[in-house]
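With the hints as your guide, set chain B onto chain A.
There are 2 protein chains.
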Amino acid sequence: MRIPILKLRDNLLISIQWELDDQTALQFQEDLLQKIHQTNASGVVIDITSIDFIDSFIAKVLGDVIEMSKLMGAKVVITGIQPAVAITLLELGIRLEDVMTALDLENGLDKLEQELED
Amino acid sequence: MRIPILKLRDNLLISIQWELDDQTALQFQEDLLQKIHQTNASGVVIDITSIDFIDSFIAKVLGDVIEMSKLMGAKVVITGIQPAVAITLLELGIRLEDVMTALDLENGLDKLEQELED
Numbered sequence: 001m002r003i004p005i006l007k008l009r010d011n012l013l014i015s016i017q018w019e020l021d022d023q024t025a026l027q028f029q030e031d032l033l034q035k036i037h038q039t040n041a042s043g044v045v046i047d048i049t050s051i052d053f054i055d056s057f058i059a060k061v062l063g064d065v066i067e068m069s070k071l072m073g074a075k076v077v078i079t080g081i082q083p084a085v086a087i088t089l090l091e092l093g094i095r096l097e098d099v100m101t102a103l104d105l106e107n108g109l110d111k112l113e114q115e116l117e118d
Numbered sequence: 001m002r003i004p005i006l007k008l009r010d011n012l013l014i015s016i017q018w019e020l021d022d023q024t025a026l027q028f029q030e031d032l033l034q035k036i037h038q039t040n041a042s043g044v045v046i047d048i049t050s051i052d053f054i055d056s057f058i059a060k061v062l063g064d065v066i067e068m069s070k071l072m073g074a075k076v077v078i079t080g081i082q083p084a085v086a087i088t089l090l091e092l093g094i095r096l097e098d099v100m101t102a103l104d105l106e107n108g109l110d111k112l113e114q115e116l117e118d
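Chains as they are written, first to last, in full-length UniProt numbering: chain A, 1 to 118; chain B, 1 to 118.
Isolated chain A (complex conformation):
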C-alpha cells in the first residue's frame, strides 16, 4: 500500500503513521514529486509524529524528498519530529537546516500559510 497524499487548497498533506519499509519510502518519494507536479502545490506538510525511530535509509529518502520538493518549488514543513528521530537525522548528517519544522499538522499548515503571505 502506498502513503496517501492529501491535497488541501495549495498544500499537500502527508501523515506517515507506520514505519516505512524501503520500497514504500521510495514509492512515496516518487508519488510526492509526481503530485507536486500535477497539482502545482506550493507547500508540503509531512507529519511524522507517529514515527519514533528511523533507519539510515529512510532518513536519507526523507532528506532527498525534501531537497527534491524544494527544487520543484514547494516549501516543505516537517512536523512532529520525535527525539530519537532528531538524533538519527543529525547523526547521519541529514541537513534539515532550511526546512521548516513544527509541532503538529495544524502548526505546520499555519507556518506554510504565514510563509506564503510574506
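None of these hints come from the bench; they were simulated from the model. It is possible that part of the hints are untrue.
No distinction is drawn between identical chains; accordingly, a pair holds when it is met within one copy or between any pair of copies.
[Said to hold, decoys possible] Think about it this way: if two alpha-carbon atoms lie no more than 20 Å apart in a straight line, the pair counts; the simulated SDA-like pairs of lysine to any residue are: (1) Lys-75 to Glu-117; (2) Lys-111 to Arg-9; (3) Lys-75 to Thr-39; (4) Lys-7 to Asp-110; (5) Lys-7 to Asp-104; (6) Lys-111 to Gln-34; (7) Lys-7 to Gln-17.
Since the structure is predicted, the reported quantities are computational estimates derived from the model, not experimental observations.
Quick look at chain B alone, frame taken from chain A:
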C-alpha cells in the same frame, strides 16, 4: 498497512486512495472510531475520489462507519463519490441520506465548518 487518519483542528481527514481489501476496511473502521474517541473530533471528512469501484462488503463497512461516527457525535462528510460508487451504494441500499457529500476535500472541510457554525 493501515489508512492514515489526519487530525486537523477539530476534524479528522482521511483519503482512501487505493482499493481496500476487507481486512484493511475493518481495521480502518476500528481506527477511525478509536481516533474520534481519542481526539474528540467534531467532524470527519472521508475522501474517496480515487476509488472508482467498491464491492458490497466495502460499501457496507463504509455505511457502518458513517453511522457509528454519527453515534459518537462526529459529523461525516464523504467527498469525491464517483458515478459507479454512487450506483453501488444506492443499489445496495446503503443510505447516505443524512450524510453530507462534497466534491473534494476542501469543499468537505468548508461544509463541516459551516455546519458547525450554524
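Now the hints, each set against the structure:
no. : hint              : verdict
1   : Lys-75 to Glu-117 : within (13 Å within a copy, 32 Å between copies)
2   : Lys-111 to Arg-9  : both (15 Å within a copy, 14 Å between copies)
3   : Lys-75 to Thr-39  : within (14 Å within a copy, 28 Å between copies)
4   : Lys-7 to Asp-110  : both (15 Å within a copy, 14 Å between copies)
5   : Lys-7 to Asp-104  : both (17 Å within a copy, 9 Å between copies)
6   : Lys-111 to Gln-34 : neither (24 Å within a copy, 29 Å between copies)
7   : Lys-7 to Gln-17   : both (18 Å within a copy, 12 Å between copies)
Comparing the model with each earlier hint shows a violation of hint 6 alone; every other hint is respected.
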